[in-house]
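Engineer: Please model the entire structure based on the sequences and the hints provided.
There are 2 protein chains.
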Amino acid sequence: MQHDKVLILDFGSQYTQLIARRVRELNIYSEIKPFNKIPTDIDSYKAVILSGSPNSVRGDNALHPELENIRAKKPMLAVCYGAQYLAHFSGGEVAPSSTREYGRANLSFIKENEVFFENISKGSQVWMSHSDTIKTLPTNGVLIASTTDVANAAYKIEGEDTYAIQFHPEVYHSTDGKQLLENFLVKISGLKQDWTPDSFVEETVAAIQEKVGNDKVVLGLSGGVDSTVAAVLLNKAIGENLYCIFVNNGLLRKNEFESVLKQYEGMGLNVKGVDASERFLKALVGLEDPEKKRKAIGNSFIEVFDDEAHKLTDVKWLAQGTIYPDVIESVSATGGPSATIKSHHNVGGLPDFMKLKIVEPLRAIFKDEVRRVGATLGIDPELLGRHPFPGPGLGIRILGDITAEKVRILQEVDAIFINGLKEWGLYDKVWQAGAMLLPVNSVGVMGDERTYEKCVALRAVESTDGMTADWVNLPYEFLQKTSNDIINKVKGVNRVVYDISSKPPATIEWE
Amino acid sequence: MQHDKVLILDFGSQYTQLIARRVRELNIYSEIKPFNKIPTDIDSYKAVILSGSPNSVRGDNALHPELENIRAKKPMLAVCYGAQYLAHFSGGEVAPSSTREYGRANLSFIKENEVFFENISKGSQVWMSHSDTIKTLPTNGVLIASTTDVANAAYKIEGEDTYAIQFHPEVYHSTDGKQLLENFLVKISGLKQDWTPDSFVEETVAAIQEKVGNDKVVLGLSGGVDSTVAAVLLNKAIGENLYCIFVNNGLLRKNEFESVLKQYEGMGLNVKGVDASERFLKALVGLEDPEKKRKAIGNSFIEVFDDEAHKLTDVKWLAQGTIYPDVIESVSATGGPSATIKSHHNVGGLPDFMKLKIVEPLRAIFKDEVRRVGATLGIDPELLGRHPFPGPGLGIRILGDITAEKVRILQEVDAIFINGLKEWGLYDKVWQAGAMLLPVNSVGVMGDERTYEKCVALRAVESTDGMTADWVNLPYEFLQKTSNDIINKVKGVNRVVYDISSKPPATIEWE
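Sequence order for the protein chains is A and B.
Each residue of the first sequence is one higher than the one before, starting from 1 at the first, in full-length UniProt numbering.
Each residue of the second sequence is one higher than the one before, starting from 1 at the first, in full-length UniProt numbering.
No wet-lab data here; the hints were simulated from the structure.
Check each hint, because a few of them may be wrong.
No more than 27 Å apart at the CA atoms, straight line, and that leaves these computed lysine-lysine pairs for DSSO-like [what the hints assert, rightly or not]:
1) A:Lys454 x B:Lys295
2) A:Lys503 x B:Lys454
3) A:Lys454 x A:Lys254
4) A:Lys292 x A:Lys406
5) A:Lys454 x B:Lys406
6) B:Lys454 x A:Lys295
7) A:Lys481 x B:Lys429
8) B:Lys454 x A:Lys292
9) B:Lys503 x A:Lys406
10) A:Lys236 x A:Lys254
11) B:Lys503 x A:Lys489
12) A:Lys429 x A:Lys367
13) B:Lys236 x B:Lys295
14) B:Lys254 x B:Lys367
15) B:Lys503 x A:Lys481
16) B:Lys367 x B:Lys37
17) A:Lys422 x A:Lys503
18) B:Lys406 x A:Lys503
19) A:Lys454 x B:Lys503
20) A:Lys429 x B:Lys316
21) A:Lys367 x A:Lys406
22) B:Lys292 x A:Lys454
23) B:Lys503 x B:Lys422
24) B:Lys503 x A:Lys491
25) B:Lys262 x B:Lys272
26) B:Lys367 x B:Lys311
27) B:Lys73 x B:Lys46
28) B:Lys236 x A:Lys503
29) B:Lys491 x B:Lys503
30) B:Lys272 x A:Lys503
31) B:Lys37 x A:Lys406
32) B:Lys481 x A:Lys481
33) A:Lys295 x A:Lys236
34) A:Lys503 x B:Lys481
35) B:Lys454 x A:Lys454
36) B:Lys292 x B:Lys454
37) B:Lys37 x B:Lys74
38) A:Lys357 x A:Lys236
Note that the coordinates shown come from a computational prediction; the quantities given were computed from them, not determined experimentally.
Structural biologist: Here it is, written out as structure tokens:
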């Protein structure tokens, strides 16, 4: 089944992925492309949305899209930078505003009888985030909404299905943002809302069957949501031709290997558990540099996985749990490729020498969509609700060199923290949580004795996509109890700190 | 003027100092002595209080005081362990209670017409903390109060001024505890309530004048409350014969040397400021071990102070800001001396070779009393409200080796944190606060760049005496803003954690 789809042109805004997700929440498929890489099959998209940008249309770094095959030829919604771009380069004027307009505002004027604003009333709250402002509308521009501070908050172009808004409908604080996107996409652009988790499963299963046929597929399970959902999808498509390998790298959470393996077997997956803990720990001896540790863990995984894959005969395909944010090409401030922040454990996958073709059934969907697809597939909600856990596991949560004893300490600390979150009903309010073992000793007192032991840092963040994250305001009583439990029960730890840094400028993981 | 005084015999309870402070709040002077070192001039005390203890009267480690010169000879109040001791070894019986009785309880019975309970009504809340319980009263014991769970909550001995209570009147949760102490000390024992901050100042000034005469005195000012109050007291007593030296060890807070020096001069003190920052930093080069750092700082201070003192002629006395908790002899579980937790910067003072006699005007009073005395002397409340700051300063808050650059970073971080506490009205709710620079780098993102910078830990504790301390539940918004400010404004720091460990088992400072 062919679905209507939306093209989102990215100008580097932190909110671009949010636009794509809001559109998809309307059961309409959307794709993100860099503003300067417009797909040649532009006719396959029924509408286009231009994102915001950290850049100014007035500067040398202004980003110029080639819109000749889009503008006035198909419905287009220009958001923030997009709206300013259309104004500034088509007969209007953009100027710096006296102050950066950031935060909540309310629509004080809405033009009557505009389909674009159907079911949205005067007073509706919108989210602003811009330092330039549109002084005069472009040629044929018609004002359709204002706020108290921003006269030209929304306009359309007479004679085109072109709409432009200064505010961000994709941000939750824009309370009618979803309605507005629906008005534009469904009422104005005529797109069908038939892209659902059920249809995704049905079509993906068919696509896998067509692609893979009767070939054998090998998949590395990690215990995480992505690889699990990928496995269940593949299992539904090709049954026993799917061979899963679950490697214990010795850096998993306490008891995780045994419990997850049992869970997989209960789901009818064909899984081989491989305990390679000692091999990994041996490869890590003496390594302190985070990148060297990552590489040692990655290389060991490849070796172990390769060994196991070779035991299978006639495998043609390697399946991976890659998801959409891993493959979206990002836009930097200069329009060039953006700097790599950290070597990622998913993108790039395994090296060429494995000679396998790649199948990535989740490549087109976001994390929240993976969870919805998983639910449609009947996967245990507890498993679907698991926090993300980095590939190198506790290996990058033990700062400095790694020993079996440090892993044991951190597993105990982590278990107290994570089980505590579950007991207190806090686990599902947190996007990701864990503990770091710091290479720092500090003084303490136990009874009449002086201690000089390790410090652990607890980390719990809220996020919608892992790209930005706020530290969670966990209850005082919870932190107090958890800190006491850790210090009293885990030998070798006498101090606990809580990470109060947001991402950016910090990151979720420390290494 | 001679004041009536109370002897408190310590059996190692965590609350012993609280008993002394509650008594003093009644304007009655009290002294603490170990249970096995009863003063020979016992007749100079008008009443005796026996403290609680972590030990059991039933065990091999039971602590046995020699009470023959006290019991039935002068009024005696036995608290918790004291009450159990009197019962168990004088014809009564103490047994383990089925559960540890810990927390709030209410008096369900009070014997009528007992002066001991005057102005205290049935239902009054008391604080329990014991695992043994008194099953039968000692010979001549008369029950005078009960709670629902503890039948023998209070008794007296017929024919003696001996009273015994299972609960802790010294703890704030015993809401009528102060009234009870007043009933015992004033109504039953007849002590006068004339020991006040004013009388303390008057008598101490007279005592200093008598002791020191026309001799010159040298005093090391630290910027802290104790040395400042000591200096003002001495200044009042001997005027220009007091020579103060304020050393900048290069490990003070941001701008502290200049601002405190100015403040001292405004108070009319004869102060010489000595900037020895480089000398200290040089002595610290390459030292990572906390004890070695402490010693290097201590030795440098002695050298600098000695140099300066030698520039003065005919100085005979060294004044110090030693306070009562520094000199109370403590009792360990076995009755022997307790283990040293950390080398303390005050007790012991400077070495013999300085050949000066010691004058310590605050030796008899607690920290809160030092503040009240300071207020009576007219010292600026802001200066009196300053948090304690350890002698080695930032030197033990920079974990690992110390460099000028690290000092600069930590001074900036500390200033943001401490000024923030003041701006948010939180400073006076905190006993002690500061920042630690950890020798830990972690990953971060700034703009499109990857960072790999230092982590700082913030610490803020509530305490009444520094002996035990809880971490403070600072507001989320405050921590969020402070963390952002630090990371955005202090180059070299990309992560902030908050210490959520209590003392014990952690300590306030990390090194």
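Engineer: Among the hints numbered above, which are violated by the structure, and what are their numbers in rising order?
Structural biologist: Failing hints, ascending: 10, 13, 20, 21, 26, 28, 29, 30, 31 and 33.
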